[in-house]
Amino acid sequence: MTVARFQDLIAWQLARQPVKTVYVVTSKGRLAQDPWMADQMRRAAVSTMANLAEGFERGNVGDFHRFLSISKSSCGELLSHLYLCLDVEYLPEKEFESLSARVQEVGRVVGGLRASVGRRRMRRPLVPHSS
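According to my numbering, the sequence shown is numbered sequentially starting from 904.
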């Protein structure tokens, strides 16, 4: 199956889900009182999703692979922030478990996509350009 739009990428669809949750949890409780942490978490969540789209839209395998690496890194950053929020009691354990499981799933899918794209040998457009 050829993916014609970044919105069709399963990785992008999955990455979109935690973004909304991060915005919700960073707007309430003790986390809302730490604007630096809230901002860092939001940026990491958005970066995970946005880099999938940006890399895909570049239209070549090399750029896409590079942006997938950035996306996966941002996913790891978000997961690390979630652990810190658990440790300093900004998030209840149940909320941490739910959100961290989703973030880890995104990381696995992005990592799998990155490995698949990395195996492509030819530098060719991801989306056929019309004449």
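Note that these hints are calculated values from the structure, not bench results.
Heads up, some of the hints might be wrong.
Claimed, not checked - Quick list of the computed label-pair ranges, beta carbon to beta carbon:
#, residue 1, residue 2, range
1, V906, R933, 34 to 42 Å
2, I913, D966, 15 to 23 Å
3, K931, R908, 28 to 36 Å
For glycine and all other residues, C-beta sits at the position ideal for the given N, C-alpha and C.
Sort out which numbered hints this structure fails and list those numbers smallest first.
-> none
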